[in-house]
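Protein chains: 2
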Amino acid sequence: MSDIRGILDQNAFSFDRLQQADERIGALVRKRLETVGPTSMLFYEEPLHIVRGEGVWLFDDQGQRYLDVYNNVPSVGHCHPRVVQAVAEQMGTLNVHTRYLHEGIHRYSERLLATLPPPLNRLVMMCTGSESNDMALRLARQWTGHQGIIVTEAAYHGNTSAVTEVSPSSFKKGSLPEHVHVIPISQMPEQADPSAWFADQVRAGVARLDVLGYGCAALLVDSIFSSDGVYADPAGFLKPAVEWLQAQGALLIADEVQPGFGRTGAGMWGFARHQVTPDVVTMGKPMGNGFPMAGLAAREELLAALNEDVGYFNTFGGSTVAVAAGMAVLDVLAEEALIANARQQGDYLKQQLEVLQSTFEEVAAVRGAGLFIGLDLCNPARDGAPDAARTTAVINALKRNGVLIGAAGKTGSTLKIRPPLCIARAEADLFLDRLEQSIRATAG
Amino acid sequence: MSDIRGILDQNAFSFDRLQQADERIGALVRKRLETVGPTSMLFYEEPLHIVRGEGVWLFDDQGQRYLDVYNNVPSVGHCHPRVVQAVAEQMGTLNVHTRYLHEGIHRYSERLLATLPPPLNRLVMMCTGSESNDMALRLARQWTGHQGIIVTEAAYHGNTSAVTEVSPSSFKKGSLPEHVHVIPISQMPEQADPSAWFADQVRAGVARLDVLGYGCAALLVDSIFSSDGVYADPAGFLKPAVEWLQAQGALLIADEVQPGFGRTGAGMWGFARHQVTPDVVTMGKPMGNGFPMAGLAAREELLAALNEDVGYFNTFGGSTVAVAAGMAVLDVLAEEALIANARQQGDYLKQQLEVLQSTFEEVAAVRGAGLFIGLDLCNPARDGAPDAARTTAVINALKRNGVLIGAAGKTGSTLKIRPPLCIARAEADLFLDRLEQSIRATAG
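Chains A and B, in that order, are what the protein sequence lines are.
Our numbering numbers the first residue of the first sequence as 1 and each following residue consecutively.
Our numbering numbers the first residue of the second sequence as 1 and each following residue consecutively.
Hints are computed from structural coordinates only; laboratory data are not their basis.
Check each hint, because a few of them may be wrong.
Where chains are identical, the list cannot tell them apart; a pair therefore holds if satisfied intra-copy or between any two copies.
[Stated by the list, open to error] Derived EDC-like pairs (lysine to aspartate or glutamate); straight-line CA-CA distance at most 20 Å:
(1) K239 with D200
(2) K173 with E301
(3) K350 with E190
(4) K172 with E300
(5) K31 with D16
(6) K173 with D210
(7) K31 with E103
(8) K350 with D429
(9) K239 with E110
(10) K173 with D309
(11) K239 with E190
(12) K350 with D193
(13) K31 with E45
(14) K239 with D193
(15) K173 with D383
(16) K350 with D433
(17) K350 with E436
(18) K350 with E361
(19) K350 with D233
(20) K350 with E34
(21) K172 with E23
(22) K172 with E301
(23) K172 with D61
(24) K172 with D16
Note that this is a predicted model, so its numbers are computed, not measured.
Okay, chain A solo, but in the shape it has when bound:
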């Protein structure tokens, strides 16, 4: 697993650098170490002290503003007043779980389920994408009687015990459990038909899991392949693999925690670009624009089968406040036409980034859909090899230039571009300008 270590550490502050940090930042970092400790990860060569957010902007303690091209949770914009108001009003009125009747959860579920293919007819609510993927694994294993799961090589699906097992990017050492099969999506051919390649990979995975005696319960994929480094095209490349897999009785779990809620600009859900119908859809991050909420949509019979074995209840999941937050997010998405904006600004950004690619030989590739774009940085002097060091340098240069961004991919050399969906043309231009400067400053 050591070859994917880059993703975890790519943009992490190294605590060894504490001595070099500015005094006020150093004092805060020390506090962090003394309170949260070892699992605390901070971004940047010198961490940022952020104190305020608004729309696409974050502000530090010195009043410096940063264009946020990283955070995909505040998807309708930082501190959107509509969401804040909905949460505040509902918290002041009633905040209870789902074991009493309340119309909020029905209204929200109906509205959200209406955006999904009809077979996905029930919505269970949790607090985090991790909880959602954890339950999805249980549903798939219970339904199929199999244990094996197929994922992509640098996937991240969450942090519970069961979900960490299927999240190669979380492993700092050791190897994945035998029942987890990985597809090396970074080797997906660009010229030949990727859909045939992907289907072959899935077939090989099922064959291997069968031989090992686990069988295949599910293919679990984030259809924008975020932490793998963003693989969006050609739309539809998942279809042959998924149709074959479902015909074998295994399930497709679409992890929409990253591509969902309009980010790809092609409707609400990333999987729809691939013309597949998942058996289970998991969702999280942008669902409440920062209010902790997540969900899982599935066919009723899967939930009924699990429910015969074990009860499932989530104290905070689907609370009156969570559904109020979720409803406000859906309202804002619609009223501000943010999915159309994601498509429009995303197309513009991608096109301009392709211009950048033709200008700088350090830019090896641009991939993406809507406002989820990956840009690969390479070392031209080394035959265009992936360049994680350059990526780190660009990330930190962009920070100094007032733009927040992160990295992804097996080698940690893909810039992950995913601003709030409300980004405007002028802000996209500002990003492009600062990115060009930062690449130029770190080139050669």
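With the hints as your guide, set chain B onto chain A.
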């Protein structure tokens, strides 16, 4: 496991009764089935439609008010304005994760860690108690190299794959995994020394897990034994078992999701009543008074060891808004002296319930600490056998009488009394009065 099924179904609305339900309630139940479906659990013979909460009161859609003696999440009172305001202000200012620096998480962690024994020197934040217990299991297994876990027979520790395995009360059929050993706490002797009995049980569990080759990673207990039916006394009965276990190198995970944050009236933490120092403390429900947040306190070296193997990050855990909610809860606990109130009202309630016990032969036992009290109902005509049917009848009678309460225990015959910590004497008296009426009405 069929003998503990009662806990899950004890106060659940049976969807078979849909035809008999009031028209407006029936319509809402139908909506629930059509949106959430099989995993949706509703309380009561006829579900309640709740629309508003305030302090110790919940209000239904007909304006009827109910004294809440069930819900332990809104521990400082439903919709406490201080918490609502803290969340609204922070949500409107900044709502981001922990990978930027922010003073809020340091201040909150310092304040919370100061309430814990010094060896517990780091705080990791999550969204749910399930996530916290899931990580606790990983810490214990990674630290000890063992897989076995000891829990009590009707315990509930959460809903992830790994945590469901150690939650006997979640199993509707099948049996617990072999690496989970259960202590039959309902058989704990009242006359002889319970601490010797409990230590013997733990020793026997470790011996069995060793023979099976799993070894024992941890004893995972909720020190008030909520879902087992509330076993509080004598304070200290855990001590010999825990000291022996820790000397063997296994860990104590104190699940403070239920007893924590002052509920027992004996300080912040339930484990402290037993004079033990846990290796890991997990917390959840009341931590944010309904804002989804949870935490895990542990010794730094445990977290460092896990962090060498896998990264841990929780998107919403410890967000600027979560810590604002948590800080407001700590403020209210202190300013309204709620721990002292929990002790005072809890002592009064327990004393009055003991009077009830001497009046009604249907009341078999009263156990508890502070505002977490269990009252066993039995059938005097059947040699005082636990009486789940009577418990259900009393719960539903209390609902008709304007009081919300639930059941616990292996046989589902323990009334679980846990009002918000701000309950006043007059409200405690109202509860006692309604309880007496309800027992009388269902007696004989």
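These are the hints, each one checked on the structure:
1. K239 with D200: within (12 Å within a copy, 58 Å between copies)
2. K173 with E301: This pair counts as between: shortest inter-copy Cα distance 18 Å, intra-copy 39 Å.
3. K350 with E190: within (18 Å within a copy, 72 Å between copies)
4. K172 with E300: between (38 Å within a copy, 19 Å between copies)
5. K31 with D16: within (15 Å within a copy, 56 Å between copies)
6. K173 with D210: neither (26 Å within a copy, 28 Å between copies)
7. K31 with E103: between (44 Å within a copy, 9 Å between copies)
8. K350 with D429: Only inside one copy: K350 and D429 sit 12 Å apart there, 68 Å across copies, limit 20 Å.
9. K239 with E110: Classified as neither: same-chain Cα gap 27 Å, cross-chain 51 Å, threshold 20 Å.
10. K173 with D309: Answer is between; shortest inter-copy Cα gap is 6 Å, intra-copy 35 Å.
11. K239 with E190: within (17 Å within a copy, 64 Å between copies)
12. K350 with D193: Neither. Shortest intra-copy (22 Å) and inter-copy (72 Å) distances fail the 20 Å Cα cut-off.
13. K31 with E45: Within one copy, since 17 Å is at most 20 Å while 52 Å is not.
14. K239 with D193: within (12 Å within a copy, 65 Å between copies)
15. K173 with D383: neither (29 Å within a copy, 60 Å between copies)
16. K350 with D433: within (14 Å within a copy, 69 Å between copies)
17. K350 with E436: Within one copy only: 14 Å inside a chain, 71 Å across chains, cut-off 20 Å.
18. K350 with E361: For K350 and E361, only the intra-copy Cα distance (17 Å) is at most 20 Å; the inter-copy one is 76 Å.
19. K350 with D233: within (13 Å within a copy, 66 Å between copies)
20. K350 with E34: Cα proximity of K350 and E34: none, with 43 Å in one copy and 41 Å across.
21. K172 with E23: neither (31 Å within a copy, 57 Å between copies)
22. K172 with E301: between (38 Å within a copy, 17 Å between copies)
23. K172 with D61: neither (33 Å within a copy, 53 Å between copies)
24. K172 with D16: within (18 Å within a copy, 51 Å between copies)
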